[in-house]
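What follows is the residue order along each chain.
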Amino acid sequence: DVKVTQSSRYLVKRTGEKVFLECVQDMDHENMFWYRQDPGLGLRLIYFSYDVKMKEKGDIPEGYSVSREKKERFSLILESASTNQTSMYLCASSFLGTVGYEQYFGPGTRLTVT
Amino acid sequence: GQQVMQIPQYQHVQEGEDFTTYCNSSTTLSNIQWYKQRPGGHPVFLIQLVKSGEVKKQKRLTFQFGEAKKNSSLHITATQTTDVGTYFCAGGAAGNKLTFGGGTRVLVKP
Numbered sequence: 000d001v002k003v004t005q006s007s008r009y010l011v012k013r014t015g016e017k018v019f020l021e022c023v024q025d026m027d028h029e030n031m032f033w034y035r036q037d038p039g040l041g042l043r044l045i046y047f048s049y050d051v052k053m054k055e056k057g058d059i060p061e062g063y064s065v066s067r068e069k070k071e072r073f074s075l076i077l078e079s080a081s082t083n084q085t086s087m088y089l090c091a092s093s094f095l096g097t098v099g100y101e102q103y104f105g106p107g108t109r110l111t112v113t
Numbered sequence: 174g175q176q177v178m179q180i181p182q183y184q185h186v187q188e189g190e191d192f193t194t195y196c197n198s199s200t201t202l203s204n205i206q207w208y209k210q211r212p213g214g215h216p217v218f219l220i221q222l223v224k225s226g227e228v229k230k231q232k233r234l235t236f237q238f239g240e241a242k243k244n245s246s247l248h249i250t251a252t253q254t255t256d257v258g259t260y261f262c263a264g265g266a267a268g269n270k271l272t273f274g275g276g277t278r279v280l281v282k283p
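Heads up: the sequence lines are chains A and B, in that order.
Counting along the first sequence from 1, when you hit position 38 you're at 37 in the numbering used here, and nothing is skipped either side.
Counting along the second sequence from 1, when you hit position 73 you're at 246 in the numbering used here, and nothing is skipped either side.
For the record, the hints were derived by calculation from the structure and aren't laboratory data.
EDC-like cross-link-like pairs, simulated, lysine to aspartate or glutamate; straight-line CA separation at most 16 Å: (1) K270/B <-> E29/A; (2) K209/B <-> E101/A; (3) K270/B <-> E101/A; (4) K270/B <-> E55/A.
Use the sequences and the hints to build the structure in full.
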């Protein structure tokens, strides 16, 4: 069974704090993704990575950065958290291919910035 | 950039009835995927469609990919309480990136 784990289910941070969200997958997937989910907006892609040390901006990268030092681990960093970054953050992983493969999602981290 | 619109946003269904949710893309897609998210859960992959005009069935669920590869639909027959959740379509483009629709939240009245 594919397993995607995220470091926290719930997180409360103050405005201006640096926030790290970690994601680990155990299926040797090349692709890893970070999304945020807000009601009515679906899932919006923040960043993705198709290889170690490689990263691509998604649709809403502003205010975020990522790090992928090992194949199984993909970190999302909020350099200076703001209240509009309060959201559910979902990590996903998949194999890399010419046609897309299914994405496996972690349980999510609900982040509240006060 | 690519946009994927999904309608309706909410669907209240009487148990036993059928319903359809629709997905439309602003650009031609390489593939489309459908996911289901149960309340309090995370999205789980249901199916992928790749070919123009493709139709796939999973028990009471029927998925279609439009001829122009810009739209898709999910039809559920004889809705059950286990169908409760939010259904997302996601359009695929180059680089295995997906653009998700806003989702259709399904509520079932027993």
